[in-house]
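Chain order of the listed sequences is A and B. Per the numbering used here, the first sequence starts with residue 1, numbered consecutively. Per the numbering used here, the second sequence starts with residue 1001, numbered consecutively.
Note that these hints are calculated values from the structure, not bench results. As the structure is a prediction and not an experimental result, all values here were calculated from the model. Accuracy of the hints is not assured; some may be wrong.
[Stated by the list, open to error] With a cut-off of at most 25 Å between alpha-carbon atoms, the simulated PhoX-like pairs for lysine-lysine come out as follows:
hint, chain 1, residue 1, chain 2, residue 2
1, A, Lys109, A, Lys79
2, B, Lys1043, A, Lys79
3, B, Lys1065, B, Lys1043
4, B, Lys1043, A, Lys113
5, B, Lys1043, A, Lys109
6, B, Lys1019, B, Lys1065
7, B, Lys1019, B, Lys1043
8, B, Lys1076, B, Lys1019
9, A, Lys113, A, Lys79
[To be verified] Distance ranges between label pairs, derived from CB positions:
hint, chain 1, residue 1, chain 2, residue 2, range
10, A, Thr5, B, Met1109, 26 to 36 Å
11, A, Pro64, B, Gly1015, 44 to 54 Å
12, B, Ser1055, A, Ser32, 22 to 32 Å
13, B, Gly1066, A, Val3, 19 to 29 Å
14, A, Gln47, B, Glu1089, 21 to 31 Å
Heads up, the beta-carbon is just placed ideally off N, CA and C, and yes, glycines get one too.
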Amino acid sequence: DVVLTQTPPTLSATIGQSVSISCRSSQSLLHSNGNTYLNWLLQRPGQPPQLLIYLVSRLESGVPNRFSGSGSGTDFTLKISGVEAEDLGVYYCVQSTHAPTWTFGGGTKLELK
Amino acid sequence: EVQLVESGGGLVQPGRSLKLSCVASGFTFSNYGMNWIRQAPGKGLEWVAYISSGSSYIYYAETVKGRFTISRDNAKNTLYLQMTSLRSEDTALYYCARLGFDYWGQGVMVTVSS
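Okay, chain A solo, but in the shape it has when bound (with noise of 0.2 Å):
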């Protein structure tokens, strides 16, 4: 099975800082059709999942252009570039290329500094 472990667990900031969140997969998240499917989320306090990138890089409706997606592989990163107090919470890196079986990493909470 896939293993999708990001780094690092915590991440405190302060307002305006920008940040970085990794993702490593066990396994290449090459799909032999050529997509990437790995997909950043975000879950607010109190608060449902919501996506903020999707196919590595690609950003969702809606999602302010502070975030950012890059990577390819087994290795992605998501960034923030100044960071906003909506932005708190924790962030989830998922996989769809190894479907039927859909793997979540651990999460990444960031937190005020």
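Go by the hints and put chain B onto chain A.
Leaving out everything else, chain B in the frame of chain A:
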């Protein structure tokens, strides 16, 4: 506006059954595969089950295989999760989510305890 509304949760004794529902609106439900995902208290997300748009393809996580059954009624825009032989480790907030994880419900709590 896309909406997913779960219901049917509650407190149940170990070994008993419970059926969750998820009513969809704001999109053509019959065109989309759907998932159930759960989150134990204070923990991360765990995929539970998937059903394709026409119910032809159904998959389960190993942790629930043989105990949970996912189904859907496209005429009623409703997704279901029948849970049997419940265990304490099934205690979680259960979310329905569209394939691609672009839309999620608010979740429904299931507590398995004697």
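Hints, verified against the model:
1. A/Lys109 x A/Lys79: holds (14 Å)
2. B/Lys1043 x A/Lys79: Given that 25 Å is the threshold and the Cα spacing comes to 23 Å, the pair holds.
3. B/Lys1065 x B/Lys1043: holds (21 Å)
4. B/Lys1043 x A/Lys113: At roughly 22 Å apart (the allowed maximum being 25 Å), A/Lys113 and B/Lys1043 satisfy the hint.
5. B/Lys1043 x A/Lys109: holds (12 Å)
6. B/Lys1019 x B/Lys1065: It holds: about 15 Å lies between the C-alpha atoms, which stays within 25 Å.
7. B/Lys1019 x B/Lys1043: holds (23 Å)
8. B/Lys1076 x B/Lys1019: holds (16 Å)
9. A/Lys113 x A/Lys79: Roughly 17 Å between the alpha carbons, so the hint for A/Lys113 and A/Lys79 holds.
10. A/Thr5 x B/Met1109: 26 to 36 Å: holds (28 Å)
11. A/Pro64 x B/Gly1015: 44 to 54 Å: Distance hint for A/Pro64, B/Gly1015 holds at roughly 47 Å.
12. B/Ser1055 x A/Ser32: 22 to 32 Å: holds (25 Å)
13. B/Gly1066 x A/Val3: 19 to 29 Å: holds (23 Å)
14. A/Gln47 x B/Glu1089: 21 to 31 Å: Given about 24 Å between the Cβ atoms, the range holds.
Comparing the model with each numbered hint stated earlier shows that all of them hold.
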